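K.L.:
Residues per chain are reported as follows:
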Amino acid sequence: MSEVNYKELKKGGFMKQIQKDRFSMRLKLVGGQLSVEQLNTIQDVAQKYGQGYVHLTSRQGVEIPFIKLADIDEVKKALAVGGVQLGACGPRVRTITACQGTNICPAGLIDTSALAKEFDQKYGGRELPHKFKFGITGCRNNCLKAEENDFGVKGGVLPAWAESVCNFCGLCEAVCPTKVIAVDKGNKQLAFDKENCIYCGKCVKACPVSAWTGESGFIVSLGGLYGNRIAVGQNLLPIIFSTEVLHRVIEITLAFFTKHGKQGERFANTLDRVGWELLKKELVAVL
Amino acid sequence: MKKGDLFVDITDVVCPITFVKAKVGMEELQDGQVLEIKMNEGEPILNVPRSFKEEGHKVIEVTNNGDGTYTVLVEKGGLL
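Residue numbers (this note's numbering), protein chains in the order written: chain E, 756 to 1042; chain X, 137 to 216.
These are calculated hints, taken from the structure and not from any lab test.
Quick caveat, the model's predicted, so the values are computed rather than measured.
Possibly wrong hints are sitting among the right ones.
Partial pick of chain E residues on the chain X-facing surface, computed with a CB cut under 10 Å [said to hold, decoys possible]:
{"hint": "1", "residue": "C924"}
{"hint": "2", "residue": "K949"}
{"hint": "3", "residue": "I953"}
Derived DSBU-like pairs (lysine-lysine); straight-line CA-CA distance at most 35 Å [as the list claims (entries may be wrong)]:
{"hint": "4", "chain 1": "X", "residue 1": "K139", "chain 2": "E", "residue 2": "K949"}
{"hint": "5", "chain 1": "E", "residue 1": "K943", "chain 2": "X", "residue 2": "K194"}
{"hint": "6", "chain 1": "E", "residue 1": "K934", "chain 2": "X", "residue 2": "K139"}
{"hint": "7", "chain 1": "E", "residue 1": "K832", "chain 2": "X", "residue 2": "K139"}
Now the in silico label distances, taken between C-beta atoms and shown as ranges [stated by the list, open to error]:
{"hint": "8", "chain 1": "E", "residue 1": "V791", "chain 2": "X", "residue 2": "S187", "range": "51 to 59 Å"}
{"hint": "9", "chain 1": "E", "residue 1": "A915", "chain 2": "X", "residue 2": "Q166", "range": "32 to 40 Å"}
{"hint": "10", "chain 1": "X", "residue 1": "Q166", "chain 2": "E", "residue 2": "Q876", "range": "48 to 56 Å"}
No residue lacks a Cβ here, since even glycine has one placed at the ideal position from N, Cα and C.
Please model the entire structure based on the sequences and the hints provided.
P.N.:
Structure below.
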């Protein structure tokens, strides 16, 4: 056991503890979900190889502390058999976080869970100059805090109004947080200032007669950090309506980071150094 | 000026009692009758009309009272 390759271990989800030869083992979760079978497996492993507890990380992860170096292979096997994979650490794409989204939440505007799985399949664990975090939140309520992430996705909807269906009740005007809808009940008219709409979808959700409908899309934020340095992710792009375009934007972003980022440099710092405009120019070209 | 068949004021309660009070009011009405309900801006105006929609009642008019409250007219079963 003299030649312990800590870097390799870390890559595989083993976080060195202050206690000698003990590791906090990071497990893989996508969008904060675990099946009961996985939970059973985790329980068994924590009981048998750990100290009978797990730690919930700040980004929807699970770690099992106090795994002994000597047990690592056995633990890996036990987890794999029970459908649990190890999580990503080090300079690569980390856990994809997501809220429950439109399948569960009344406020949700996009299928965050499906998107998280897609992101994981395409980008999970990809090697980069430094850690890189994706977070997906279903709407502007931002429970998943998109802007904390290197790449944040937030559900939005661009509303469209159908005059023939509208009953001019005025509820959309009442719920619109940016006051871009004005209903003239007497004259049965409605004005919508589309330019200043923030895509929150409250009009669509509230409308009693479904006169407001809308196309769901993705609001992307880039370069968020919440560690030693705190930076809020920036919106460089207009709302994106196609998943295909979203993936193109991600591929370009990751390639940009690979090309311009220094080893050990977080994405926001790379952008500050080489210029946000440079990335924006590349991204706008594929919209 | 009374516009509804029944008036309920939920400005004095907070979520989730807002829903309870609104629902109790609605239960006293027949389909087609109108509940006039006064609620606060913010969370109540966002959520209470939406829960009416889910239960098949139709919002027919919303009036901003200009004092941080709204008066909402809801037709019982109007969406069924």
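K.L.:
Is the Cα-Cα distance between K139 of chain X and K949 of chain E 35 Å or less?
P.N.:
holds, 33 Å
K.L.:
Hey, does the C924 of chain E contact hint survive, CB to chain X under 10 Å?
P.N.:
Interface hint status for C924 of chain E: holds (5 Å vs cutoff 10 Å).
K.L.:
Given the proposed pairing of K934 of chain E with K139 of chain X, does the C-alpha separation stay at or below 35 Å?
P.N.:
holds, 26 Å
K.L.:
Between A915 of chain E and Q166 of chain X, does the beta-carbon spacing fit 32 to 40 Å?
P.N.:
holds, 35 Å
K.L.:
Answer holds if the nearest beta-carbon of chain X is closer than 10 Å to that of K949 of chain E; otherwise answer violated.
P.N.:
At about 21 Å, which exceeds the 10 Å cut-off, the nearest Cβ of chain X leaves the hint on K949 of chain E violated.
K.L.:
Does the closest beta carbon of chain X sit nearer than 10 Å to the beta carbon of I953 of chain E?
P.N.:
I953 of chain E check fails; min Cβ-Cβ to chain X is 15 Å, beyond 10 Å.
K.L.:
When you take the CB atoms of Q166 of chain X and Q876 of chain E, is the distance between them in 48 to 56 Å?
P.N.:
holds, 54 Å
K.L.:
Hinted pair, alpha-carbon criterion (35 Å max): K832 of chain E, K139 of chain X. Please report holds or violated.
P.N.:
violated, 70 Å
K.L.:
Is K943 of chain E within 35 Å of K194 of chain X, Cα to Cα?
P.N.:
At roughly 18 Å apart (the allowed maximum being 35 Å), K194 of chain X and K943 of chain E satisfy the hint.
K.L.:
Can the suggested window of 51 to 59 Å be confirmed for the beta-carbon pair V791 of chain E and S187 of chain X?
P.N.:
At roughly 31 Å between Cβ atoms, S187 of chain X and V791 of chain E fall outside 51 to 59 Å, so the hint is violated.
Checked against the numbered hints given earlier, this structure breaks hints 2, 3, 7, 8; the rest are met.
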